[in-house]
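Sequential numbering of the sequence shown, starting at 1, is according to the working numbering.
Read the hints as simulated data drawn from the structure, not as lab findings. Accuracy of the hints is not assured; some may be wrong.
Said to hold, decoys possible - Calculated cross-link-like contacts (lysine to any residue; reagent style SDA-like; alpha-carbon spacing at most 20 angstroms):
#1 K229 to Y144
#2 K229 to E149
#3 K229 to F148
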Amino acid sequence: MDRDPTLDLSSAAMNASERLQATWSGSGDRVVLLSHGFGSDQTAWDPIRPALDAHYRVLSYNLAGCGDDGARSYDPEVHGSLFGYADDLLALLAEQACQRVSYVGHSVSGMIGMIAATARPELFERLVLLQPSPRYLNDAATGYVGGFEQDDLNTLYNAMATNYQSWAAGFVPMVMGVDDQHALARFSATLFKIRPDIARHILRMIFQTDHRGVAPRVRTPTYFLHSRKDAAVPVEVAQWLHEQTTGSVSEILELEGHLPHLTQPEAVAAAVLRHLQAA
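Assemble the whole structure, with the sequences as input and the hints as a guide.
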C-alpha cells in the first residue's frame with residue numbers, strides 16, 4: 001500500500017491515547033477496557049456501556065485505521081499483524097496509568113487481548129472475549145474448523161477490490177446475522193469510516209493469520225462468549241479455544257450473529273457483567 005508521509009508525521013506527533021481517541025466514562029474501583037472488532041469503532045459498545053458504567057471506570061478506544069479520521073492512526077507496517085495492535089493496547093495502558101484492567105474484546109480484539117496478556121500478564125485481571133477466533137481458515141490436517149476455505153476468502157478479497165460498496169452491502173447483513181435495520185445501519189456507518197484500502201489490508205491480515213499458538217500461553221482468567229449461530233465464527237472455534245486456554249470458562253449464548261452487542265445488547269451486557277463479577 002502506498003503511504004502518505006504527511007499522515008505518518010502527524011500520527012507520530014500524537015501519543016497513543018490521542019491517536020486511538022481514548023475515551024473514559026463510568027465510575028468505580030476497577031477499570032474495564034473495551035476493544036471493538038473489525039468494521040466498527042468504540043461506539044459499538046454504546047448499547048451496553050451504560051450497564052458497565054454503573055459499576056466500573058470504563059476506557060474505550062478505536063483500533064488503528066478505524067473510527068473518525070482513522071487513517072491517521074494506521075501504519076501498514078506496524079499494523080500488518082495483530083502484534084502491532086497489541087503494542088498499541090499496551091502503549092495506551094501505559095499512558096493512561098492503568099496498572100490492572102479487566103479487558104473486554106470483540107472478535108479480532110479477542111486475540112489482540114490474548115496476545116497482550118501473554119506479553120504483560122500483570123496488567124490484566126481477566127479477559128472477557130466476545131466472538132474471538134484464533135484462525136478463520138479450516139485446517140484439514142488437524143481437523144480444526146475455522147469456518148472458511150481459502151477459495152471463500154479469495155472471493156471476498158476480490159469483491160472488496162472490485163466494488164467495495166457492493167461488497168459491504170453483502171458483508172454487513174451476513175455478519176450481523178439478524179434483520180435489525182437499526183443495527184445494520186450502525187455497523188454500515190462505522191465500516192464505511194474505514195478507508196477501503198485499509199479495510200482490505202486489515203481484513204486480509206485477520207483472515208490469513210493463525211494465532212492458535214497464543215491460546216495455550218494465556219494464564220489470565222479468560223471468559224469466552226460466543227453466539228450459538230455466527231457466520232464468521234462457528235461454535236467449534238469456541239470449543240477449541242476453551243480446550244486450549246487453561247482454566248477458561250466458555251459460555252454459548254442463545255443468540256445469532258457476530259455482533260450481538262449491537263443486536264441483542266441486554267443479553268450481552270448481562271453475560272459480560274456476570275463474567276466481570278465472577279469470583
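For each hint, the structure was consulted:
1. For the given pair, K229 sits about 18 angstroms from Y144 by alpha-carbon distance, which is consistent with the 20 angstroms threshold.
2. As the CA atoms of K229 and E149 are separated by approximately 18 angstroms, the hinted pair is consistent with the 20 angstroms bound.
3. For a cut-off of 20 angstroms, the pair hint linking K229 to F148 stands: about 15 angstroms separates their Cα positions.
When held up to the earlier numbered hints, the structure conflicts with none and fits them all.
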